[in-house]
Amino acid sequence: MSRYIRNLIITLAVLVVLYGLNFVFAGRMISPYFSRILMLCGIAITMAVSLNLINGFTGQFSIGHAGFMAVGAYSSAYFSVNYGVRIAAALGDGTLGWIVALLIATLVGATCAAIAGLVVGVPSLRLKGDYLAIVTLGFGQIIVVFLNNIEAIGGARGYSGIPIVKSVFWIFLIAILTIVVVYNIVHSAFGRALISIREDELAAEAMGINTTRYKVMAFVISSAMAGAGGVLLAHFDGYLNPKSFEFIKSFEILIMIILGGLGSIVGSVLGAILLTILPEALRGFAQYRMVIYSLLLIVLMITRPQGLLGNTDAFKKWRARRRTKRDGETPVANSPAATKKEKG
Amino acid sequence: MSTFLQQLINGISLGAIYALIALGYTMVYGILRLINFAHGDVYMVGAFMGYYLAGGIGIRGAQMLMGNPDSNIFGRILAHGLLGGGVLQPSLITALVIMLLAMAICAAVGVIIERLAYRPVRKYSRLTALITAIGVSLLLENGGQVVFGADPKFFPELFQKRNLDLFGGASINTADIAVLVIAFALMIFLQLIVFRTKTGRAMRAVSFNLNSAKLMGINTDRIISFTFALGSAMAAAAGVLVAIRIPRIDPLMGILVGLKAFVAAVLGGIGNIPGAVLGGFLIGITETMVAGYLSSTYKDAVAFAILILILLFRPSGLLGSTVQEKV
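Those sequence lines, one after another, are chains A and B.
Quick note: the first sequence uses this note's numbering, first residue 1, plus one each step.
Quick note: the second sequence uses this note's numbering, first residue 1001, plus one each step.
It cannot be assumed that every hint is accurate.
Claimed, not checked - 27 angstroms max Cα-Cα, derived DSSO-like pairs, lysine-lysine:
no., chain 1, residue 1, chain 2, residue 2
1, B, Lys1299, A, Lys243
2, B, Lys1123, B, Lys1214
3, A, Lys128, A, Lys249
4, A, Lys128, B, Lys1123
5, A, Lys249, A, Lys166
6, A, Lys249, B, Lys1299
7, A, Lys166, A, Lys243
8, B, Lys1214, B, Lys1198
These are calculated hints, taken from the structure and not from any lab test.
Starting from the given sequences, assemble the full structure and let the hints guide the process.
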């Protein structure tokens, strides 16, 4: 079977399954609380996997991811409130109308976030390590301050009245799309360039890789996907508040990918699910919930610093093992750059 | 003119506090290359320790804004006093004693944090250490909400505050004078420790190269602990001083202030002690100027905007030295 046909079949199967799930969830066969957490997991996966592209695979330490999420969320919300409603109405206000409206809103959000990523990335990606981290943090905070001050999108009161499109289908479509895009990037020449930048930037440059260009490209793509995650969040509750995009949110996403293991897509997905469920699971402890959460985080960092699946994609490992069995050669070991100790 | 002078005074007073906190950030970064995100929360703990100590020695006014004072151990100490109440009268000396005690407690807190959380991850990547720091920060914030209560508290007046009129219509509060004098005294004290003592020399050696310092027979673990103690004590002093100036404290007060103090440290050149002080004053003054002349809603963005500009044009900060990258 040719590759394209196989991919086409997989795509169709995923769409059908998601569409089916959508009916299961819409039909209230599953408690709204559970479906809400599931959908939040989907949004978290989008955010974590997209951040992993820049932090895990390119090795550039960004902690302003929530800022790009905010740009995507607010721009798409503005679009939906002012134009999306009209587009949906013009197409009969049915499912089709909303699919089109939301599709355009997603494009708008992702594009705006990508532009923000470009504006932030071009100057700041010249910096390295902690400095880059602080600059991205600073940009994230500045975005929040601006959101607080723009009256057209509600300012500090928050932006309400956004059309609500709560669907498992849509959220997981974006999440899966993010995973596929990141997976394909990482397994392409472009991705190998990114990984070489992570492993040794100077050596990568010596090999003729335009490191700044690659870093900015990865940053823009990552921002666009974060923007798409923001679009989902905006249309999830129909209400946005600048407070929810403070740097704490960026930290949360960062913790997800580090918990799961930097440079591991499966790990990011796992980390996103775990960190979304954990606070809910700890609800029984009432006020001690967040204390336990932070304690767990510290203990985990001490006992398993490389994260749950650090730098070892379970899937890749499995394939490598299969290939070894077949060809009888040892696979090239993954260099654990993220856990490597700094020189000097 | 009087507005300018007034804003300048406020800015310098605020800047002194940022500078004190920034010192802790910069020292820890200089030695461990670790952004100690929990530092801002140590500052919060310092303010709360001051609050409970003031209550403990029976200063009136140290009551909870809301809630039942008997609801937790701290509340009981506060309401009834450790020593039966009314031992010390509010005065500048009392304020100093409370501040020094809070500093001692926070120094211990800093050492414990380093020992339990940071030391075990020191052998791993810096990213791991950073996440641990975020974890400690979350722990202090959420633990603070559980232990101290989430509602804001009203810090008692440790000494009589008065407004002194200056030329040009501006006025300066005695609290601001106290903040400035104490902050400067602490900075000079720190400068003396770092540059005039044997321990200080060891600190500088460790920050220059940890492994070489170890080879020279320096007990690096002890120096790192000492650095944490020193930095945390400075943060606690800042916490008490802030509470004297603006008597409203809550468990999340350290987040934004800590972030801005960190920005101040980076601005001056992280790892550089005079740089942290300079950065602190710059951020403090600019912030109050923007709040006074432009818009107070944008003041939080200013610190970060300056930071980004500085880093883009002079990535090592104002006083930092550029390190050449070697292959």
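Structure-based check of all given hints:
1. Lys1299/B - Lys243/A: holds (16 angstroms)
2. Lys1123/B - Lys1214/B: holds (15 angstroms)
3. Lys128/A - Lys249/A: holds (22 angstroms)
4. Lys128/A - Lys1123/B: holds (21 angstroms)
5. Lys249/A - Lys166/A: Holds, because 21 angstroms separates the two Cα atoms, which is no more than 27 angstroms.
6. Lys249/A - Lys1299/B: holds (21 angstroms)
7. Lys166/A - Lys243/A: holds (22 angstroms)
8. Lys1214/B - Lys1198/B: holds (15 angstroms)
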